[in-house]
Each structure stands twice: as C-alpha cells, then as structure tokens.
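A.B. asks: Residue numbers (numbering that gives the first Met the number 0), protein chains in the order written: chain A, 0 to 890; chain B, 0 to 890.
Treat the hints with caution; some may be incorrect.
As the list makes no split between identical chains, a pair holds if one copy fits it or if it spans any two.
No more than 30 angstroms apart at the CA atoms, straight line, and that leaves these computed lysine-lysine pairs for DSS-like [said to hold, decoys possible]:
(1) K11 / K354
(2) K730 / K58
(3) K492 / K651
(4) K342 / K11
(5) K730 / K227
(6) K492 / K519
(7) K268 / K354
(8) K547 / K886
(9) K492 / K432
None of these hints come from the bench; they were simulated from the model.
2 protein chains.
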Amino acid sequence: MPKWVYSFGDGKAEGSAALRNLLGGKGANLAEMASLGLPVPPGFTITTELCTSYYATGKALPSTLAAEVDAGLAYIERVAAARFGAAENALLVSVRSGARASMPGMMDTVLNLGLNDETVEGMARRSGDPRFAYDSYRRFIQMFGDVVLGIEHEAFEDLLERHKEERGYVLDTDMAAEDWRLLIEAYKRMVRERLSRPFPQDVREQLDGAIRAVLDSWMNNRAITYRKLHNIPDGWGTAVTVQAMVFGNMGSDCATGVAFTRDPSTGQKAIYGEYLVNAQGEDVVAGIRTPQPLTEAARLANRGDGASLERAMPATFRELEAVFARLEGHYRDMQDIEFTVQKGKLWLLQTRTGKRTARAALKIAVDMVAEGVIGEQDAVKRIDPQALEQLLHPALDPNAPRTVIARGLPASPGAAVGRVALSADEAYDLATKGEDVILVRAETSPEDIHGMHAAKGILTSRGGMTSHAAVVARGMGRPCITGASEIRIDVEKRRFSVAGLMVNAGDMITIDGTRGEVIKGAVPTVEPSLGGDFQTLMGWADRVRTLKVRANAETPTDAQTARGFGAEGIGLCRTEHMFFDNERIVAMREMILAANRRGREAALAKLLPMQRQDFVELFRIMSGLPVTIRLLDPPLHEFLPNTDEEIAEVAKATGVRFETLRTRVAQLHESNPMLGHRGCRLGISYPEIYEMQARAIFEAAVEVGAERGGGVTLEIMIPLVATRRELDILKELVDAQASAVARTSRAKLDYIVGTMIELPRAALRAGEIAGAAQFFSFGTNDLTQTTLGLSRDDAASFLDAYERAGIFPTDPFASLDIEGVGELVRVACERGRAARPSLKLGICGEHGGDPDSIRFFHEVGLDYVSCSPYRVPVARLAAAQATLAAKAERD
Amino acid sequence: MPKWVYSFGDGKAEGSAALRNLLGGKGANLAEMASLGLPVPPGFTITTELCTSYYATGKALPSTLAAEVDAGLAYIERVAAARFGAAENALLVSVRSGARASMPGMMDTVLNLGLNDETVEGMARRSGDPRFAYDSYRRFIQMFGDVVLGIEHEAFEDLLERHKEERGYVLDTDMAAEDWRLLIEAYKRMVRERLSRPFPQDVREQLDGAIRAVLDSWMNNRAITYRKLHNIPDGWGTAVTVQAMVFGNMGSDCATGVAFTRDPSTGQKAIYGEYLVNAQGEDVVAGIRTPQPLTEAARLANRGDGASLERAMPATFRELEAVFARLEGHYRDMQDIEFTVQKGKLWLLQTRTGKRTARAALKIAVDMVAEGVIGEQDAVKRIDPQALEQLLHPALDPNAPRTVIARGLPASPGAAVGRVALSADEAYDLATKGEDVILVRAETSPEDIHGMHAAKGILTSRGGMTSHAAVVARGMGRPCITGASEIRIDVEKRRFSVAGLMVNAGDMITIDGTRGEVIKGAVPTVEPSLGGDFQTLMGWADRVRTLKVRANAETPTDAQTARGFGAEGIGLCRTEHMFFDNERIVAMREMILAANRRGREAALAKLLPMQRQDFVELFRIMSGLPVTIRLLDPPLHEFLPNTDEEIAEVAKATGVRFETLRTRVAQLHESNPMLGHRGCRLGISYPEIYEMQARAIFEAAVEVGAERGGGVTLEIMIPLVATRRELDILKELVDAQASAVARTSRAKLDYIVGTMIELPRAALRAGEIAGAAQFFSFGTNDLTQTTLGLSRDDAASFLDAYERAGIFPTDPFASLDIEGVGELVRVACERGRAARPSLKLGICGEHGGDPDSIRFFHEVGLDYVSCSPYRVPVARLAAAQATLAAKAERD
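With the rest of the complex left out, here is chain A:
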C-alpha cells in the first residue's frame, strides 16, 4: 500500500513543492511553506493517488487510509494544541481540494469542520464571543449541508432570509448570537426532515463525509468541463488537504486577504491585493463588504477612503512584505497568496504561482531577468506561447458591457465588430463601400474567399476548429467563431435567428473569437501594441531555438505580416488560393471545362501572367528567404459553380453550353473529394496545369532575381504523393520547365523539388521517395485525416462526444496525435534521412503553430515548422521552449 497521507506544520513537512503531482498544488506549497518556517496552520494532505484509486475501484477507499487520517489528525492536534471533537478548545479543520493544475472554484471545500452542538459551546466560551461561535457553526452546517449532504444552498438561504424578515433585519450583522442559535435549530430541523436523519454530530463522521465529497467533486460537471477546456487529464485526480482552521473574523485584530506579489494585469512590480478586517476568506470574494487595498499607494491610486493594510496593521504589513519577498525569491516567480490574521498573528493559507495576462507575463519575465532572479532561458520557459497570440490581435475593451447572444467554437482569436453579411458577395460589396463586415454563413467554401478577406470577422453555424472557415480565418488573422449551432440562418429572409432573437443583414454584431462569443451590437475594441518586452523576449527565444519558423502565406498582405512577425521564409504557398479571384475563376473554369489538352492550354495561357505576377510580388516581399510553393492541390470541382443559376452564369461567361457545363460539373462530383482526384493526381492527369505553374514560378524568380536585392530560394512542392514514381514524373516536368526558362532568360535558377508527406503510404515509403525529393514537408492536416480516417469537415458532429468520452485527449487537428500520426512522422524522418542525409524536413499543417506539436517536431529533428502568420511568434517561442525542454531531458 502506498503512503496516502503527508503532514505539515510547525516548521517541517513530509512533503515539498517537488511533490506537486502527488499532493496537488495547494498541498505541495503548504508543505514547502511549512519547511521554510513560514507560519502555516498545521494539516495533512491526502494524495492524488488516493483519488485515482478511489475512481479506479468504484469509489472504494483503501483499508489503510483511516489509520493514516487518524495519525494526521493526531499530528494536527499536537501542533495546534487542540483536540478534534473536544468539548473545550476543539480543533476545527478545513477540508479542501487541490489538483496538480489549478482549477479555481471548480471543486468543493468545507470549512469549520469539527463544530457540533457541543464543540460550538466550547468555542463560544473560549472566544468569549458566542455570536462568532454560532455564526461559524451555522456557516458550517450550511456548507456541509450543501457540499456533503447534497441540500441545495438556497434551502439554507431561505431559512436565513425568513428569520431576518420575521425580525425586520436587513443585514447579516443585525443577527445576534441568539438569532444564529435559533437559525442553527431551524437548519438542523430542515436537514432532519430532508434526509430523515439528524445533522451528523460525530466529528469523525463529518471529516470522512467531507473527504469523500471533495473526492466526488473531481467528477462534477464544472470540473470535467474545466479540465476539458484546459487539457487536464481526468487521471490526475485531486489531493485533499485537511488543515487546522484559523479565523480572521474573531475581532478587529483579525483580517483576511489575498495578494499577488506583482500586478497580475500589468506585471508592475508592486504588491497587489485586498483584505478585510474581521472577516473569513470567503467574505473577500463574496463582495458583500468592499475589500481594501493592501498598500497605501494602491489606495491613493484608487482614491479609496478606507484604510490600507499598510496603514491599518503596519507590523503585519511589514511581515507580509517580508514573506512575499521570501516566497517570490524562493519560487522565483510571482506568487498569489492567501493569508489570515488571527488576533494579530499572521497565518499563510496558500501560495501559488499567480495567473497573469500575457502582457503581465512578458513584463514579469523580462523584469525578473533584469533583477537577476531568473535567467533569459527561464524567462523564455515562463511564457505560454498560446497566450502570446492574444497580444497580436485586436481585443474587445474588457470594461465594455457585452450582450452575448450565442456561443460557438473559438476558431480564430481576436475580436471584430461589423455589419452582418450573409453571403460572400454581400460582404465584399459592403466592404467596398467602406463598411466593417462580419460574414455569417452556415459554413464557408473556397468560393467565399473574397468575402472572407473582405470581412473583419467570420461566424459560421457549422464546422469545427479546423473547418474551412477556421483554417482560412486563422491564416488571414481574421477572428472567427465556428459551429455556433444555436444560430439559424435564413438566407432568403436575409436574417438569422438565435433563441427567438432576429438579427437582420446589415445589423451590427461583435464576435469575440478568443472566447467564442457572439455579441449583439458594437463592443469597442482596443488595438494591440507590441512593447519592448515582447521584442526582448522573442530575441531570447530566437537565441535558444534551433527549429526555424516559416509562415503559410500566399497573398502579399499575409507575407508582409509573416515577415513582420519574424517568419524565416514561406513554408507553404497554396497556389490554389490565387485562383479564386473574379477574373481568374473564369479562366480557371475555362481550363477545367475544356474538352481537350489544347483547350486547357489556351485557358492556362491566360492564367500564366496573373500567376507569375502573384509570385513576383511574393518573391519581392520574401527576398533573401526560402519560399515553398505547393502546386495545385484541391479537387477541380471546388472551382466549379454548384447551383443551376451559377452554372448559367459561367455558361454565359465561357461560351460553353449550359448542358455541357452541367454534365461536366456532375462528372467532376466526387463521393469523397478529400481522397479523390486532387494533388499530384491532377498533375499526372493534366500535366499542362503543373507546367504552367512551374513556368510562372521560374519566370517570376528570374524577374525578381534581376532586381536589386535579389530573389528567393525556391522550393517547389508536389502535394499528395503516395509513390516515388509520381514524384519522378512530376519532378521531371518541373525540371523541364526550369531548363526552358533558364535557357530563354540565361539566368541561373536556385530551386529544389520536394514533396508533401501527407499520406500514410508516403510516410512508410519515405526512404524510397527521398530518393527523388530534396525536401519533405509534412502535411499533418491531411496526414491526420487519413491516419485517423477522420474528415475535418465532418468531424465536428461527433468530435465533441469523442473528447467528452475521453477518446481523444484533445482535438487531433489542433494538437498532433503523437502516438498515431506522430509515429508516421517519425518513421518518415528516419527513413527519409537514412536515404538522403541532406533531406530538408519541415511541416506545414495547422500543427505547425501548436506548441505541444512543435515540441514533438523539435524532438524528431525537423528543420522548420510553418504556420499561419499570426502564429509565427507563438511558434518561435514554442520552438525555443522545445529546445530547452529537450536539453532539460538530456541533462
């Protein structure tokens, strides 16, 4: 049997901060503080392993637990010099949860445990304050009743309110000792009626019940949801800390408060916190009384008229200052601390690393390096790369009121305000008139690109985190909410409804892509400003990392954004995105609908100069850096019209008969286009398409190469390769175009040819394929789809159920499935490099911007990751952290 119980207090402890996984954050830090000699009420922590065992055995408790709890209680009794359940000077305890990762407010707590009809009288006698004693007892019954006995909170509140009404009281402070005593009787009667048994008077029975209740609260709905949102595994379990109570509400020499050692919002180095005189911890949070600031400076800044702790209890404040400095120095990070002053004596109830905004995190990390508390690499490790993205997008004014009318998936962060447009054309038209637009669609398709680009934000009622809308929006840096399923769009009536509310096209709405909230009306936004701390930290990250970071970009705007964010090249230029423009789509359709190769070539001849010009612009922006260009990838029917009306339009524009066109559209239809005639399969069937693209690329390279500043390093990428032979055929085609252009222009072309690895077969045959490829770029989106047999367009309908059932720990399209897809990536790297040691390896799926995935990519030895422009800083930081993590593992 493992050891289930770890005690602490009186300047020593069985645990320490290092045992966080076993004792939870709270228990570990209490132990650590006790060992540091800080004033911590004595207590013991039941381990997270007990919780895991509890759930593994159908909620059975191991036979050895009771004896260990007895020993723990005896320890507390000894240190606190009080006895649990004793008539006089009874020991009271708190019972709290504490997981490895902080889950504030998600699980249950019981305070004042150990009070019963007898001990309350002893407390009244000893404190000389019967009102305090009875108030504590009724609080305990209320809390225990709610948490352990399952009687809803309101039932107790009702009795209290009734009592106050009957006596004409307004505030709780109107309640005298006798009032509380009478209320206690009423509470106990109610409990007996509800449960057909009395409120437990046996203190040990109380404790066992509270321990079980805290364990049970690990699996309440709030906790489950919180864990899902924060990627906390169910298997971690919670610890339970039982600790002697101290009281901040025993008179005016008592107080309770919470503090941060630095400002968690701005990062400023100043004690930040609040306290209340004569109060219990919960009162600070409850908001009935207004807490006062700790420091005089804060009081003056807020023009407060109360007294700061600094003024009210100067000795305690100085002690607290010293404790804060000690804890920050010890933990080498900003701390979030709970304390109580009982009759002039300071007790520390909790310390933990304080949560902070991304902005504060940056400032604190950079400041601490300047202060010599941590090193640059520690600073790099400290910042959550995901949080960094907040800083790059405009955000809603946090102080503005918001009327949330619907929720969806936070598909692309940031906020946007604009008028509702229900089609891409409408969005485009409105935007042309200078209006800000939110494009609202059931879902988007490549035909909507112009509208998405024109819009400030995108909202869809269907689709997941990796639907077309989500991926494109992230790429464009547009805030986006997908899968807002409460929204019913009625395109004909030009409006959408949500829970009875009608929103018309043209109405103002706001979307918060970071939270997934749809808000009625315009909420004011604040623009991001990237301060010096950001640049300093990114500089440190760049010094550490070995993985290069590129961007997925094809438009000049995206490329410029990417370069501004420090992208070291383009890792994925999706040439198909260049074909959706109004003028081009006509030529594209001509090409697709042509009866033969000659017809296709004629249409391609029209596309060539446009495509070349795109590349010229891109190459100028990316001058001096590598640019990876993927040849046409999506199935051709994506470019075709769908409705009869659209077909008629195209028929008119191209001069092709309506019937012919409709037949061809039907012929091009595929049951599973993701697995259909796309990628290099198009290049094999219609070599002229790839020939045109290769020619446009090389001609653009020659043009830009001749300019001052020089050109780019070209990497031509063949998509969806499954066999070596496909690559052989298409590499020959590309080389032939390069030779032709080089001959005509007498220029030297600097290019390599490589392939996407996005099919399991390609990963398995990587050794063979590397014989023909100078680089691999892992297309982890498609590789995830094929390896898991999971369409990202369709997965939304069950992915949620899957995450809830614990089947996928996280969305495999957001964070790489390292066990499955990752093995194929690893195998492909090994086999590819074995066959060609100089093989360049990169990744250009959505996972290129995900920190967990980046860590894996670093481990398997990729040369670079490529992600959407706004994710570039995220990736730079994550890459640096990956290097540090790998180093730490080696050491």
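We have chain A already, so just place chain B on it with the hints.
C.D. replies: Coordinates of chain B only, in the frame set by chain A:
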C-alpha cells in the same frame, strides 16, 4: 560486362530451361531441347538483360554485343554448315522475341532474314525452286519493311493485289516465280521512294535492324496493354532469339504444324494439333488454307476429308509422338509445340507449357497425379486460382455470335442475359414478374440493393473494379460490368445510348462480366458443372493449406453458397445490408430522424425482431462454424432519401414534417462520408443502435443454440476503431447485452469481441488495441483508402492513367499494396500478437479473394481470409499455394 548471347543447337546449349528469366521462355526451351538432343535448328538468344539495359540507357546497345552476335552467327554457320550472306547456300535466320511470360503475338518477328538480291539467287539454285526462293524473299521484304522499316503492311499488300489484278490472278498460288521477282522489284522501288534509301542488302545490317525492332516492340502499345492486363512488369524485358531458318514449304515432303500434348480445352490425354503440307508456320495461323488434324482419331471425330499427319507422314508422326512423350515427361506438364518438317526431316521450333482452360487445367493436373507424373502438391501449384472462378459462374456459349456494343471493366465474372431496367425498383418489379433483368445505372448505392439482388447482372457507366456495384455484385455472385463510360443513360427517356445506338428499357442485352463486354440481344449461356476433378483438387488444396477461408455473407442465400463452396465460417456479416429491405428502411429512417434517444429506441425496438430473425437464419446455416458480425458501419445518411420526392414519401410514412426531414437530411450530409460519422463512431454517439444489434445477435444465438445441431461461435466486430478507448467503451456495451441476455435466458453465450483494423492509426496502435480485442480483422478496403488517400468510389477517373504511367503496378483495391498497406498489416500483426499471443487474425476486405494478397496474408501469419462466396474456392487454392510457396522458400 555480362554475357549477352547464349548459343544452342547440335545437341548442346549454353542455356537451359532454368534460365527462363534471362533467355525468355522461347530461348530457354530451345536451349533445353537442344541439350536433350532433340532436333532444334541452331541459334542463339540475346538475353532479357540486354533489353533492360537497352531501355535504361536510352536505347543504346552495349559495345560488346556486336562481337558476341558475330560469335553466335559463326556458331550457327558451323552447325548449319551455311554462311550468312553467302552467294551459295546462304544461312537464313529468324529473329524472334521471347519474354519470361508468354505474350503471344504482342511483339514482332522477322523471318527469312539473310535474303538479298544475291542470296535469293543462290537459294533458287540450291532448292531448284526459284518460285519458292522469290516468294521467300518477297515475304521477307514485306515483313522486314513492316517491322523494321516501319512501312505499313497494307502498302505491300496493295502492290501484290495490283499485280494480281493486272494479270487477272485470284490466288497467291497463281503467282509464278517471275511474278514474285517483278513484285520484289516493285517492293524495293516503293521502299526506296518511301525512305529515300534502298532496301538493305547488307545481311548484317538486316540482322542489327531486326534485333533493334524486336527490342522496340517490347514497348509497343499492344505489348504494354497486354502486360498491364497480365500483371507483367515492364522491367522484365524480352529476349531475342536468332535461329537458322528451316522450311516447311520446300515441297510435298515438307510440312509445318502446331501441337498440344493434351487437349487444351478439355484436358483429355490425346495429341491435339494441326499441320499443313508444304507451308510456312505463319500459314497455319493465317487461315488461308485449312490445316489438317495430326491424328486419325481427330480427323474421324471432325469428319475431316483431308489426311491426318498420322496417315500422311507416319514415320514423322511416330517421331513426333516420341518427342511429345519425351517433352511432356521432361517438363512434367502439357506442352505446346511448333514443328516443321523440311524434306522429311523433323525440326522442333518451340516448346512451351501449353495454355489451357480452367477445366482442362484441372483435368490435366488430376490425371498427371494419377499417372504418377506429378505429386498432389504439384497439381495444387499448377492451377491458377483466378481461373478457377470461371468454372463457378455461368458462361456465355463460346460458339454463339456476339454483337459487342460497349466495353467496361470486368468487375464481377460470369455472364447474364436479361431485359434492361434503369432503376432498382424497375428491376425488382420486372424480376417479380419472372423476367430476367440487367440493372443498368450510372452507379449504384446501397438503396439499390433490392434491385441488384433482383437482377441477373449489373452494368454501370461509372465506377471502378471496387465501386459499390462491383463489390456488391461480386458478393452476390452477380456478373457485373462497371465504368462502361461510352454508355449514356437517359432515365427520363427510359433508354441508354451507346455510339448512336439506342437501347430501351425492356430490351434484351447480355453482359459478359468476365470480359467486360456489353452485347446486344440474348447470347445463350452454359451452366457450370463442378466435376470430380474440381473436388479432388480442392481436397488436395485443403490438405496443404494452413490459412482458413471464410466468406463475407449476410443473406441466407449467400451463406448457403459460401458453405457449399467450403467456407469455414463467416468472416464478415455486414449488418447494414439487412436494413435496406422495404419494411426495415422505414424503421431505420424513423430511428435516424428521431429527435432524441427515446425516439431512436422506439424505432430500434421495431428493428430488433427483424434483425434477430436474420441472425437466426444465418446461424442455422452456419451451425458449428464461427460467424463474425460487424456492427453498423456506414454513415447514417446512406439510409436517407435524397430527392424532395423521396423525402416527401418518407415524411408521409414516418409522420415527420417534410421540412424537419429535409433539414435533418441536410444536417447528415457529409463532405467525405468515408472519413465521417460512421463505424464505431455511431456506436459511441448512439449506443442504443449497437445495443439493439448486440441484443439481436445474442437472442438469436440463444434461440439457435437450443435447437438440435447447436449454434455458432460468435465473433462480434467493432468497425473503424482508431483508439483503444473506443473499443473499451463498446466492448463494455456488448458485454452488458450479453450478460442481460444470458441472465434472462439462462443460456451460456459463446462469443468474443474484436475489431476491424482498417485505419492506419489502428494498425500502428495495434499493441494497445489488442489489449481489448480478442481478434483483429483487417478491413483492407478501407485501410487501402486511408493509407493511399484514395477513395475507391472516385479513383476510377484517374486510376487507369496511374496504371498506364506505371505508378501502381496493379489496382491497389484488387491486389493489396504490399509495400504500403502491407507494412501496416504486418506491423499490426506483430504488435497485436506481442500484446496478446492468442489474438485471432483475419482479413475481410476484397483482397481476401486475391491470390497474390492471400500469399502475403499467409506470410504474415493470419489465421484466415474471408472473401465473397464465389471466391471461396479461389481462396482455398491460393492459400494452399501460399503454403507451398513459403515451404519452397524455406527449403
């Protein structure tokens, strides 16, 4: 440098039959016959390696070849006592192709090479027959002109016809020596005009040209197509055999003929063949003169009025009989022999293993075992499993005329005759009226099942060898042609057109699923009869093989067929096929459209007794054998109506509002259903579906188990698993149903739970998954789709181009992609068995009936393969051959 040239003749040879890969079939057997001391004209063979080198080096010939050819010529000259290009007694040679595998008529041949203006005169003098000499020369010019110089055959024929017309001749025999001489001049003039150079007189230049022409013919379109059809790799190359000419046309003591040592059509043990007196080999084939039978018996049987060789040249016949016996005994197989008699002397020009019908192959193999020539295992090795399937399906009368109006893919073998029906309902109605029906559709869907079942055969204008139509048809044993793209179906006008010809609904057509031919009108068919030879051979196969063979079946008919063909259980019972029945589809739709779990359960309660009854019938038929039942697999929208009309119908039947229904149908639509909400994902989302199915299975098992004869061994299979957790959840669900049924019925249930391995992730995580699975069944159809990123419904549009470009050696849905998909199968077997040594391993994809794939499955150690009922004998034989091949490799 390798040795390029191997000589033979005069009782000895540098090569032998063992060098078939190097010398081609013809070259190797000529060498072998020479070594046996049989009368073979001397010659030499240029190796297939030369051919490979020729294509690898851009058609360059190695520098050492010329000298080796010189040496080879010198050898022939010595043995034949004649000189190449000599004015008197000139050596003439033939130049022929010869690949490892026979490719009859696909490549080029040049005869009589060595004739020129000078040597022809010597030949005339020596033979005393100027007409013969000139005729030979003009044949040579004609053949050389066509094959080597690229002048079309017709140009020569024209000149010959013109000459005959001018002189009023009718037959070639009317041509006198002078006529041939004049024609030769005309030929030479024409060649000079066409090519601006004379017809080559240098015999060595002739020879070099002919060698190159034969090498080039390896890559002519006919040869490429033939190789593709017969899975012969391009890389094998052809050998070139240069051999002294002998003449069967030098007078009435000359003859030429072809013979089989046994009847290739029936397998009867009797010399079978034809000959012509005073003729060259090509005349036998050309059909201008009617060849005579070799034996008297054959002449009498055919009531022929000519003379058999047995009568006309009794000594030669006896010599031939002895040679035949010698060769058959030597090769231990039926031989196909070409011979020539020149002035009474017998020469053998070729021997090879004779092609034969499946029926003959069976008889010959079984007879030869009885004769003690070969052993049982040799007999098992001899039969092509693929060919066996011919015997099981009805076939068209080979003697009946046929008007082929279109061609498609031979998707399911056998022939069928019936009236055209253009919808499943129409097919069903017509069939109910007792008509034979051919269902003709653009493509089929699961909704067409009743029509497909009702039809005698299926024809689609779209789809590939593994489209829905193809797979279902093979499963049902219905002949089927898919992808007959010339056919344009006009459902409204109730007809289809093909190349201008209209075929109306109700018209009679015939389809030959073995050849992929659509035939106008009714061609008579012949029913298969499986004789004793078949049973004998299958018995030997069963004694050898270790791999078990099961069938994919769900209907009683299929199950009975399968058991009749020797299936050792059902490896895949697709429960969804049970839901398409008219009555059931309504309940199924109710279930899908239900607003909540309660509604679904109500609908499922209606389906339960029907599903149970299906299983009862199935279990009775399969009594004593294992039955693997796959729980619901396809996406739910497959069961839903598509058109507004159909939706209205369902709305009426189910009482659900039309709008609601249409919305739900749209909601269920998926972009890539193959990768969507299907398989076990349905079981996770809607556990009540799987609960109903499990209950139906167990209740049926109890019912049948109580009957005399007992029940089956149940294997419950969860489809599309990607993670261990999915299986854990669903296994628990199945076990719960089993417990419930066992409790109620007090019966003991014999079942195991396992999973399909059909996603790359499942294969990779097989170790983990095996922890929860008692068996794996590889779903190689889906595993191929996901590993290659290739939808079988859509691949038809480019798969052909892919095979032509040499990207896929064969259709990966027909024969397993061993390098890619195979690695995943192998990995899954290893990891699965490592985690659970008792793990049962099987395969239930289409590949389960493919001999090449079966060999691989045997190698990786599967326990069984499961295939469509008509493929069961094929698989039994292929499994036996796999065992023998593996044994041969070990030895």
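A.B. asks: Each hint: holds or not?
C.D. replies: Taking the hints in turn, this is what the structure says about them:
1. In the homo-oligomer, the alpha carbons of K11 and K354 lie at most 30 angstroms apart inside one protomer (27 angstroms), although the nearest pairing across protomers, at 93 angstroms, exceeds that limit.
2. With identical chains, the CA atoms of K730 and K58 are at most 30 angstroms apart between copies only, with a shortest distance of 22 angstroms across copies and 62 angstroms within one.
3. Proximity of K492 and K651 under a CA criterion of 30 angstroms is satisfied in both settings, with 28 angstroms inside one chain copy and 28 angstroms between copies.
4. Within a single copy, K342 and K11 get their C-alpha atoms as close as 24 angstroms, which meets the 30 angstroms cut-off; across copies the closest is 119 angstroms, which misses it.
5. Within a single copy, K730 and K227 get their C-alpha atoms only as close as 45 angstroms, which misses the 30 angstroms cut-off; across copies the closest is 24 angstroms, which meets it.
6. Within a single copy, K492 and K519 get their C-alpha atoms as close as 19 angstroms, which meets the 30 angstroms cut-off; across copies the closest is 54 angstroms, which misses it.
7. For a Cα distance limit of 30 angstroms, the shortest separation of K268 from K354 inside one copy, 15 angstroms, qualifies, whereas the shortest one across copies, 93 angstroms, does not.
8. Taking the shortest Cα distances, K547 and K886 sit within 30 angstroms of each other inside one copy (17 angstroms), while across copies they are farther apart (53 angstroms).
9. For a Cα distance limit of 30 angstroms, the shortest separation of K492 from K432 inside one copy, 23 angstroms, qualifies, whereas the shortest one across copies, 51 angstroms, does not.
Going down the numbered hints, you'll see the structure goes against none, and every one checks out.
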